[in-house]
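Enquirer: Starting from the two chains in their separate frames, assemble the complex, guided by the hints.
Top line first, the protein sequences correspond to chains A and B.
For reference, each letter of the first sequence is one residue, going 1 to 324 in the numbering used here.
For reference, each letter of the second sequence is one residue, going 1 to 648 in the numbering used here.
Be aware that a few hints might be false.
As the list claims (entries may be wrong) - The list that follows gives simulated cross-link-like pairs (lysine to any residue, SDA-like), each with its CA atoms no further than 20 angstroms apart:
(1) 61/A - 21/A
(2) 312/A - 412/B
(3) 499/B - 117/A
To be verified - Have a look at the derived ranges for each label pair, beta carbon to beta carbon:
(4) 114/B - 322/A: 52 to 62 angstroms
(5) 222/A - 131/B: 53 to 63 angstroms
(6) 37/A - 509/B: 12 to 22 angstroms
To be clear, the hints were calculated from the coordinates, so they are not data collected in a lab.
By construction, the Cβ of each residue, glycine as well, lies at the ideal position given by its N, Cα and C atoms.
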Amino acid sequence: MEKSLLKLDKGTTCTSWNYSGDRLASGSVDGTLAVFDSRHPASSSFACTSRTKVHEGSIVKIVWVPPEYGDAVACVCEDGTFSLWEELVEDSVPLQWKLCERFKSGSAKVLDVQFGVSPSSLKMVVASSNGYVKVYELMNPMELKNWQLQAEFQNVIDLVSPSSKALCSSASISWNPLRGEGQGSSFILGFSSDSPQLTSSKVWEYDQAHQRWLPVAELALPDDKGDWVYGVAWAPNIGRPYEVIAVATEKGISIWHLSLNVEVDGRLSVEKVASLSGHEGEVWQMEWDMSGMTLATTASDGSVKLWQSNLKGSWQEQATFVTT
Amino acid sequence: MPGATSDSAGGGALVPLSPETKRSPVYPLRHSVGPPVSPRVSVCWARGSSLRVSIFQQRPPPGGEGDAGGEVVEVKLNGGDGEISDAQWRRIAYGSMSPFAMLQSRRNSVSTLSRISPSPYHVDWWEFVMEYSKDINALLGGPESTPASVIEDPKTVVKKSEKPASLKAAWELMELFYVDKLSQAWLPERLVDWLADYDSLFSGSCATVHSKLVDFQNELINIQVIEDNPTYWEVIGSALAVGWLEIVVKLLHLHGSYQLDQLSSRETENGLVEAVAVLISKMPRMRLELGDGRLGECYKAKPDFIKAWEKWRSQITKLDCSAYWIQCHHLQTREGLKNLLQIMLGNTNSLSSATYHWLELYVSHFLYVRPFTVGLESMHGLAQKCIQLKPVPRSQKLMGLLLGILGENTEVVLAECSKEFGPWMVAHAIELMTAGSDEAESLLCEEQYNLGELSLQELHRLVYAQVLCSHAFTWQIAPVYLTSCMKQGMGLLEILLCKQPVQHNELLHKNLEICRLYELDDVSSHIMKIAGVHHWKHGRKGAGVFWLQQAQDEVRLHKIAQQLFASVGKSISDESFKQWEGLIELLGSESKTAGGLEFLHKYRDFKRSLKHIHDGKNIEAARQAVEYLMLNTSEKEEAELAILNVSI
Chain A
1 MEKSLLKLDK GTTCTSWNYS GDRLASGSVD GTLAVFDSRH PASSSFACTS
51 RTKVHEGSIV KIVWVPPEYG DAVACVCEDG TFSLWEELVE DSVPLQWKLC
101 ERFKSGSAKV LDVQFGVSPS SLKMVVASSN GYVKVYELMN PMELKNWQLQ
151 AEFQNVIDLV SPSSKALCSS ASISWNPLRG EGQGSSFILG FSSDSPQLTS
201 SKVWEYDQAH QRWLPVAELA LPDDKGDWVY GVAWAPNIGR PYEVIAVATE
251 KGISIWHLSL NVEVDGRLSV EKVASLSGHE GEVWQMEWDM SGMTLATTAS
301 DGSVKLWQSN LKGSWQEQAT FVTT
Chain B
1 MPGATSDSAG GGALVPLSPE TKRSPVYPLR HSVGPPVSPR VSVCWARGSS
51 LRVSIFQQRP PPGGEGDAGG EVVEVKLNGG DGEISDAQWR RIAYGSMSPF
101 AMLQSRRNSV STLSRISPSP YHVDWWEFVM EYSKDINALL GGPESTPASV
151 IEDPKTVVKK SEKPASLKAA WELMELFYVD KLSQAWLPER LVDWLADYDS
201 LFSGSCATVH SKLVDFQNEL INIQVIEDNP TYWEVIGSAL AVGWLEIVVK
251 LLHLHGSYQL DQLSSRETEN GLVEAVAVLI SKMPRMRLEL GDGRLGECYK
301 AKPDFIKAWE KWRSQITKLD CSAYWIQCHH LQTREGLKNL LQIMLGNTNS
351 LSSATYHWLE LYVSHFLYVR PFTVGLESMH GLAQKCIQLK PVPRSQKLMG
401 LLLGILGENT EVVLAECSKE FGPWMVAHAI ELMTAGSDEA ESLLCEEQYN
451 LGELSLQELH RLVYAQVLCS HAFTWQIAPV YLTSCMKQGM GLLEILLCKQ
501 PVQHNELLHK NLEICRLYEL DDVSSHIMKI AGVHHWKHGR KGAGVFWLQQ
551 AQDEVRLHKI AQQLFASVGK SISDESFKQW EGLIELLGSE SKTAGGLEFL
601 HKYRDFKRSL KHIHDGKNIE AARQAVEYLM LNTSEKEEAE LAILNVSI
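Isolated chain B (complex conformation) (with noise of 0.2 angstroms):
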């Protein structure tokens, strides 16, 4: 099943490899068995996908070292994400199950209502997906704040939250491409949005603008004159690089000019640097809007926006003509102003200088270069270039996605999903994709021979599910997720009820009701016969019958019957005689067996009638008994032993 501890779904297939690459990881068991060690290992799967290797030794060493001749090691595939613990991510799994359910049960009442009348009201069908992701990414970690979120210090830039796990950035990134149809005008700013929430993820595989803040940030209090430093400089410029304008202004306005005692004596500079802060406060932005306390200016239509944004360049450009600049005597101030112009009017080079990976120069490209970018052609053509000049390591989670997203390429999405972030973000996920992309669309549904007539979307909702069924406390949720699948989900389900263990109540219970949710009769019977042996195996006989009756099982409660017709005219104690009493009544309750049982009735009652004989008055009541036992042919000769040895 693809999503195995080896890379890639579909064993690599969807990831077009030579063969010559393509070889398996090997990974070591550890264990503690003492050498000899036996090369005959024994494999046994438990639990979805979990895997049980019994190891051997050879001959135990003659001098009886050690005390184990053997050890049983569990491997459990498909283990998670190492970024995310299992106490949440199980919290995810629990949580998302039912936005999963709602969603598949829209679905069904969507297609049936279109079926049976096609009205023009067209249903919104994105808005949905949009509701069941933003119920998934709720659970995928806290909210994360943009860098200048409120802060009391006027020297606190960043923030130093929480990391941010690459599952909900990955997961916005779907959202974003797939299913924000209100934002499919403007995602190159809604890119600049993610990159400012997910920036610090890079941090880890090279530098980022993110990091450098961080860095800065922390030396802040050490420095003195802080124009005179020229990272202070480079931190703005890759700030206002990546659209990062708050952060900026806040920047700007730590700049020593703006100090009580120094405003008079350096006007010039202060008025330069306020009005490169009013500029880039007053950025026009091609968006819907922008949050509060957030910097520019919002334009929907383009052209208001080239409007606006001619306007601004000419300010731009005519700042950058004007006289001031001689009068300004502080160098790194004046280099420092220039070189944010220079971003400001798109000079490639100093963009290419303020930043550190190829998205944030992607980023500024569509701030500053090329804000009118539309369509996924484009923004790939502009990644490539960007990745030309600013290589960035392959093992990062996200990149490979984002890149796949930006190619339209459903395969490598679905690929790069399953290698970074395992089958709970592709069985998820693929209802983004499916909503989002006509072309994802049929390569999803399409019923692939190879693997029985499944669709993708069901495969991967049975390897999903198959993972929760690795574990105590999620295989409850596996259900949902295999009645989703029309072909195979409902075999499959069949076989992780079947499989689990009857001893104790309260599983057999929730099995039981489980299998009454979904109308599994043959595997309710199946299951209580089960345990009806079990019970009556284990002497606890009435618990035993029950559950056979429960499971109509005809044969096995005749077998019984028979053997309780068995101890008739053996002599057994009062306590065998209660019980087998009891299991009369139990059985004459419901069961339709043998005609026996009128006859075990009778015997019964006879039995006990004997015991009170003395009263006199159940004398009647025992003739009667007898009379029938006579009478009762088949019975006959048993009866006639049963009496003779009552009375004997």
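Isolated chain A, as found in the complex (with noise of 0.2 angstroms):
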């Protein structure tokens, strides 16, 4: 049933696959950034075009820049910074994977990095360890170099009173996979870390008026708001009168429903409407389909489970998958 496609280098930490899964990007302990190709568009084996020493440290993740702002990857580092690198032919020098920006972190580890593409923009999300989140946006579409600093906010609701001492171990981002004009872009923050107000996953969106990002859900009740996040994941919407996002928790994974329409209080509103325990451990990644109703998700356990909602809304289990 299942079908080798390729052997990583030693010492890989992380993977990443493209938007159209034609090319994957690997980093590895010594901080070494792999990228693996098709020969075709329709076979199914992989070989590895390019080794890039990237950084001193070990990369824990990376994520690929939206196409149509080029093949660019964000690698983020143990030691908690990140640096953005593009595969370009420059001048006369042949394709090679080039560094276009390093982000020092300061005193916060950088947690996570997300990439959302907005009507005007490309706009990055970085998510701190201070329990800060910065979103920086692109100033030319064709060059990856220059990121103006948006905004830096907290992950609260009641911004009046941040919390300085705030130690987060893990954070969450995902953006709405909406891509239309003249929609709003929104993305969705979750954190583990001591402080309750920080951790709670809360969907931002940009108020174009008041220029400014604004909370408008949280997706969390009362009792599990101080529940450390894992993991977002934010469902495509296909045409649902409703979007549909995935958290997990250390109380397991829920699925919720947020309303597209606004409240009087500027608010969406949101309903939990599953509660899936099935994973022992902590889970590390979920992904929807590209239908938006299959999730699959990987925890601690080893193994991946798929999630389907049946005919009555009942979220259940429908598979595992564990290495042997």
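Expert: In structure tokens:
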């Protein structure tokens, strides 16, 4: 049933596929970025086309930049810094991966980086270990070099009293995958931290009128606000009258419906429709399929699970894969 | 999305199961990563419903053994029907696209017409569906000949042909019950025919009349006196019970009493055999017609049939009471023939002994006990009774489907189709179901809130489309199914198209063609943007500009123009200048970007004319260009620099 596509280099710690699934970027413990390509769209044989040393320390996460901005990745490293690398032909130099920008962390470590495309520009959201999130905007769509810091805020509803001494061990960001003109961009963000106000997952939306990011929904029940968030995933919406978002916390995976209609107070109403248990251990990763109807999750128990909703709206585990 | 590797559509809720019994299946993922394997695996969806799993090695072993630090494996969910090869599946997928598209377009025009003018002329929708069904049926494996086909060798009673796929059997069953309006009155007889074609499919899980016949045929060469062999009479009885009259008569004609040297001494015996054979060949059948070479007499109208039936039965009874039996000295012949008469008289014990699984018993009841059974309810009741008498392992693919159809249970039919035959079957068979049953239509076309206001009909088309997307050779068929879904099909189509790679021109053009066909301009320009940026950054600047122009991406083109502008005043090689020139040409032809382009054009002209300055002719042109450059205030400083640079 399974088919081997490629073998990874020794010391590989993470992988990430590009938007079309024909390029794989892998990061290793010695800071090497290796990129694998398929020879032909129809073939399923992959070969390594480049290896570039991007960092001194281990790479923990790789995120591809949206393709309309080039073949580029963000590499997040263990030491909490991250850098942007792009595959370019420059002047007479042949094709290679070049550094576009290195982002220093300061005292806080970068925990997650995600890109979102809005009609006007490319945005990059960076969540750090001090509970702050920075939103950068790309100034020139043809060059991944100049990023302007558009906003910096904490993942809290009440922005009046920032908690300065928060320490977060992990963060998870997921942009609304909606691709269309005239739509505001929004993302969901959650942390694992000792401060409950920071931790719970919130949906942030950009308010054009006031030029700032506002929290429009909180995806946590009152009793669960302090639960550590391990992952969030916004499902593609192909025409549903509501959004579907998965949130993984220490208590398990929950599925939320987010209304598309704005209430009087500017917020969006949410409803928790399912609690999925089944994984033993911390959930690492959650991915929605292209139609937004099947959720694949991985956890520290080494298994991959698939979840779907049935006709009655009840979410159930459909299959489990375990590595032998 | 219903239809993943595990069983049943809709997560098991379509076939009600108690929660305790519901456990999801566990599949092992084989890989070649040496231990210790990290428990942390990474997943990514690729192409439709394929899942890619990255498996890592936890801290490479100190000795540096083994080459790989990990592996990426791909799992295709909805992995197809085990019976059908990949190539055949592709052929079916390609072939079923047109009939499906045709049916949808007919549906649209019919509904448009009926809105415009409700005419008295009633469109027989089922005829269109029947055509659709026949077109698809033709794709599902070669025509299966009935066991009694044209055979040269008198000793070959059962043709050893290729085993048919159960998919075809299932499709025909659906067509039979849901679409074929002409045959509704004689469904039982149609079922008899169906079993004749597909009895061999059940041979895997239990004994069947077909398998017994095949075995007997193999032994036939070794048998000297056929009528002494008890198996001979058994198989004749079985074949008769399920209505394979031609085989029965053929077998009877193998009886020793027909041999020329035996005729005189076994006249009575032969007479009896022949009498039975004749009776069999004249059996009244409640049906429209029989194919060529088929035995029996057809009656369309019930009164005529009943009259003929009663007459026939009285003839059998008369034969049964005949004095000739005493004169028949061959014991096996006498008993064998008598058994055949019992079967024809509808003796349930004889029927039960002659058949092997409930379906065979079922059809034998239609033939000999209740030939005028009509209506699904009574058919369903009879089926239940037969199952009680002769249970069959439930793992048989077609049984569950048939029971669902007889029970008029749409949910069960859907679940069985999905579980046993996969998304292709469900997506295409739903068309048959909505045509044939009002209840099915209302269930399948109703919008379900829990599915995001999709109907089941649309949902299954989306599921199937996603399966098509999983394979590189079939993704282009997906748009046909996606565009038939009013609600969410277009959304999924857009996502599908945006995920296609742009590096290869063929694929890119195919992709853009689909966008054009379905008027997806936004998607088109998005794809062209990606292509433009890709080419630009990979050194193919001309192609890059071309695609960005096609995409009408003013922002990026403006940035490019600015970049070109920046090289004004810099001393660059002739090669680069040529490229720069070329790009200006390209940009200038269509783009409405910054006024800076005018300047760039002039600068280019200036540079060109400088080259030919020694000719003397172009001094005027050069001077004009310089004048323009000087006058153009916004870029004045750059112009000065440039001119200074050049003059130095």
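Enquirer: Hint by hint, note whether the structure agrees.
Expert: Hint by hint, here is what the structure shows:
1. 61/A - 21/A: With Cα atoms ~17 angstroms apart, residue 61/A and residue 21/A stay inside 20 angstroms; holds.
2. 312/A - 412/B: holds (16 angstroms)
3. 499/B - 117/A: holds (15 angstroms)
4. 114/B - 322/A: 52 to 62 angstroms: holds (55 angstroms)
5. 222/A - 131/B: 53 to 63 angstroms: holds (60 angstroms)
6. 37/A - 509/B: 12 to 22 angstroms: Given about 21 angstroms between the Cβ atoms, the range holds.
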